[in-house]
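Residue strings, one per chain:
2 protein chains.
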Amino acid sequence: MRIIVAGGDGFCGWPTALYLSELGHDVTIVDNLVRRKIDVELMSGSVTPIATLDERVAAWREVTGRTIGVRIGDLNDYEFLSGVFRDVKPEAFVHFAEQRSAPYSMIDREHAVYTQSNNVLGTLNVLYAIKEYAPDCHLVKLGTMGEYGTPNIDIEEGYLTVEHKGRQETFLYPKTPGSFYHLSKVHDTNNIYFACRMWGIRATDLNQGVVYNVRTPQTELDPRLANRFDYDGIFGTALDRFVAQAAVGHPLTVYGRGGQTRGYINILDTVRCLQLACENPPEPGKLRVMNQFTQWFSVNQLAQTVKRVGDGMGLDVTIEHLDNPRIEREDDHYFHAVNTSLISLGLEPHMLDDQTVASILELAIANRDRINQSLICNSPTWK
Amino acid sequence: MRIIVAGGDGFCGWPTALYLSELGHDVTIVDNLVRRKIDVELMSGSVTPIATLDERVAAWREVTGRTIGVRIGDLNDYEFLSGVFRDVKPEAFVHFAEQRSAPYSMIDREHAVYTQSNNVLGTLNVLYAIKEYAPDCHLVKLGTMGEYGTPNIDIEEGYLTVEHKGRQETFLYPKTPGSFYHLSKVHDTNNIYFACRMWGIRATDLNQGVVYNVRTPQTELDPRLANRFDYDGIFGTALDRFVAQAAVGHPLTVYGRGGQTRGYINILDTVRCLQLACENPPEPGKLRVMNQFTQWFSVNQLAQTVKRVGDGMGLDVTIEHLDNPRIEREDDHYFHAVNTSLISLGLEPHMLDDQTVASILELAIANRDRINQSLICNSPTWK
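Line order of the protein sequences matches chains V and F.
Once you know that position 319 of the first sequence is 319 in the numbering used here, the rest is easy, because the numbers rise by one and skip nothing.
To convert a position in the second sequence, counted from 1, into the numbering used here, add 1000.
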């Protein structure tokens, strides 16, 4: 299958591109390299040393004999994007190419406008490119569980059937997202749903939970294939961030009371979910929504897990509750979300265990000198 | 009250600015004149001759002694916008300054991207300007009844309380809009709701129905104060468009079967609703949503009304059902929407009557030579 992986140089995109390539798919990475430029802007970087994208795909070819195409450019440049569509004739377009940090979107007005402009207009361009050049192409779009917020009712997979005054209607699940980033994904979902209804486009919206872990069997084949590992307060995700903090002897930074409960997923399952979505496209005209997470945890549970594993490895891990830079529910709030669609398609979840945490911790310890402690608490406040 | 009317040179903005000025408010119009530039682009124009904005405010001053401030610029230019906020220190910001035509947003990719970029990012800038320069300023934002689409359940005013698996939550009412324009307003609503929750901004979202009629007592004080009257297939709204067609002997162009039912409002009520919203702000942190329409009609009902009135005036009005350029329900679908909030605040609706239709028809007949029949069916298709 000819698959474009947009954002294929990033934390989820790179291991996904490798996994799909190993399975025999014809993969082309489209990336504008902005994630690396943001490292420059924020004076941050990956815990793991990462090769350039050219070095990465050359190493992949050397090690496996498989070729991954690379097109450097921006989805917001429609001339570039339409050229890629004409050349590649994709059967699936995996869309990771969005600014994906909530704190980054909340730094200031410029970053909020950049996030919504980049994400929403870029995706609009993708919809038009599919319509114009590849109407059968399946859009596999990364959403986020954060689109839903933390409602007091069960989170279904994308849609909600409502009974009201004796009548019934099925809507896209109503969303209450918690940052301009999360909002951009809600805007995307609404735009994609419209394009499906109007133009008969087929799309899958993968509302992904917080991704943890770093390595996959493919990224381990050669040091030049290493995946990035973010630990800073802006791009680091909860579990990986705590592990990096434990590795350098920094207290684990729990925001507020730590009752914030979210869906999580191991990156090994992320790449498998992308395969399952691509290989099982929905009917034309349909927006299929799947919740891509395997378990849910509170921040306190994660911190306790990292402490237990770290202490067991001879570290002295402490936990600190900081003023929460975000505005969100911190108490033991209701959180119950459905995630059966991907399991029905064949996902066999990797459940979080101490061994996984230990392996991430070993990776962080091995690269301890690359962790800049001044970046651990660099999240902007939501106010 | 110091009130900015953004988009104050447009079809609803201009009569609103005059009405608020006559009531003694200190009004500043902010406009980038793009609506007039779009007339140039589409080779269209108003049925009524309209003066330039400078001539308009000069005439208003001459006739009433009242001054309306004018600031020419774009909400997407934050340096301009923040200067306006610093100078004016608004207590209310009435926001009509969006691309407001569904067909215009559907012309092609460029027009879709322009519409969402202009509307969503412009409003993001307004939210940041309020936060930064005028945190007490009440944002009075024009939404549209078209955000809701045509659900099979009652349309409430902005929020919906859902019972699901024995639990309950109140959400923003789930929306299923029918164009990239309508989607842009949904994106706005989600962004504004977030800013209210995070920053304590106060906002009112006025989900307006289709506006008909043209003149208000204020626009009639002098020919230079005349309001614009759109009749083309892109910017003309249903009733006014039919009236213009009747005036030139063109068949009334009903799209498809004509069962499309929507909320409508007389422009005399629009300006009153804006006053009521401005003078009764919600509490800080609250997004109040009010449905700003007074009656609902199917397109067939409107066409029949215009035919009856036109025939009574000696015209021979015919009705033609065209292939529908839009993708929407054309049968006798369910439509039942709540509109009690503005009435509770004091709105006394002008109900549609034959006399009103006759007066619009007289205006169109008097300017018959300004109607270009080739623009009557210029709507792009949704496909």
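These aren't lab readings, by the way, just hints derived from the structure by calculation.
Predicted model only: the values in this text are computed from it and were never measured.
Honestly, I wouldn't trust all of these hints.
Derived DSBU-like pairs (lysine-lysine); straight-line CA-CA distance at most 35 Å [unchecked claim]:
(1) F:Lys1307 with V:Lys383
(2) V:Lys286 with F:Lys1383
(3) V:Lys383 with F:Lys1037
(4) F:Lys1165 with F:Lys1286
(5) V:Lys165 with V:Lys307
(6) V:Lys131 with V:Lys383
(7) V:Lys165 with F:Lys1286
(8) V:Lys165 with F:Lys1037
(9) V:Lys131 with F:Lys1131
(10) V:Lys37 with F:Lys1165
(11) F:Lys1089 with F:Lys1383
(12) F:Lys1165 with V:Lys286
(13) V:Lys89 with F:Lys1383
(14) F:Lys1037 with F:Lys1131
(15) V:Lys165 with V:Lys37
(16) F:Lys1089 with F:Lys1307
(17) V:Lys383 with F:Lys1089
(18) V:Lys89 with V:Lys37
Outcome of the hint check:
About 56 Å separates the Cα atoms of Lys1307 (chain F) and Lys383 (chain V), which puts this hinted pair outside 35 Å; it is violated. Restraint check: the Cα-Cα separation between Lys286 (chain V) and Lys1383 (chain F) comes to about 16 Å, which is no more than 35 Å; the hinted pair holds. Using a Cα cut-off of 35 Å, the hinted pair Lys383 (chain V) and Lys1037 (chain F) is violated, with the two alpha carbons roughly 38 Å apart. Of the pairs offered as hints, the one joining Lys1165 (chain F) and Lys1286 (chain F) holds, with about 28 Å between alpha carbons and a cut-off of 35 Å not exceeded.
Restraint check for Lys165 (chain V) and Lys307 (chain V): the C-alpha separation of about 51 Å exceeds 35 Å, so the hint is violated. Using a Cα cut-off of 35 Å, the hinted pair Lys131 (chain V) and Lys383 (chain V) is violated, with the two alpha carbons roughly 40 Å apart. For the proposed pair Lys165 (chain V) and Lys1286 (chain F), the alpha carbon gap of about 26 Å is at most 35 Å, so the pair holds. A distance of roughly 46 Å separates the Cα atoms of Lys165 (chain V) and Lys1037 (chain F); the hinted pair therefore is violated under the 35 Å criterion.
For the proposed pair Lys131 (chain V) and Lys1131 (chain F), the alpha carbon gap of about 39 Å is over 35 Å, so the pair is violated. For a cut-off of 35 Å, the pair hint linking Lys37 (chain V) to Lys1165 (chain F) is broken: about 46 Å separates their Cα positions. The straight-line distance between the Cα atoms of Lys1089 (chain F) and Lys1383 (chain F) is roughly 45 Å, outside the 35 Å bound, and the hint therefore fails. Taken as a hint, the Lys1165 (chain F) and Lys286 (chain V) pair is honoured in the structure, with Cα atoms around 26 Å apart against an allowance of 35 Å.
For a cut-off of 35 Å, the pair hint linking Lys89 (chain V) to Lys1383 (chain F) stands: about 21 Å separates their Cα positions. Restraint check for Lys1037 (chain F) and Lys1131 (chain F): the C-alpha separation of about 31 Å stays at or below 35 Å, so the hint holds. In summary, the hint linking Lys165 (chain V) to Lys37 (chain V) is not supported, as the alpha carbons are separated by about 52 Å, beyond the 35 Å threshold. With a CA separation close to 49 Å, the supplied pair Lys1089 (chain F) and Lys1307 (chain F) exceeds the 35 Å bound.
A distance of roughly 21 Å separates the Cα atoms of Lys383 (chain V) and Lys1089 (chain F); the hinted pair therefore holds under the 35 Å criterion. At roughly 29 Å between alpha-carbon atoms, Lys89 (chain V) and Lys37 (chain V) fall within 35 Å of each other, so this suggested pair holds.
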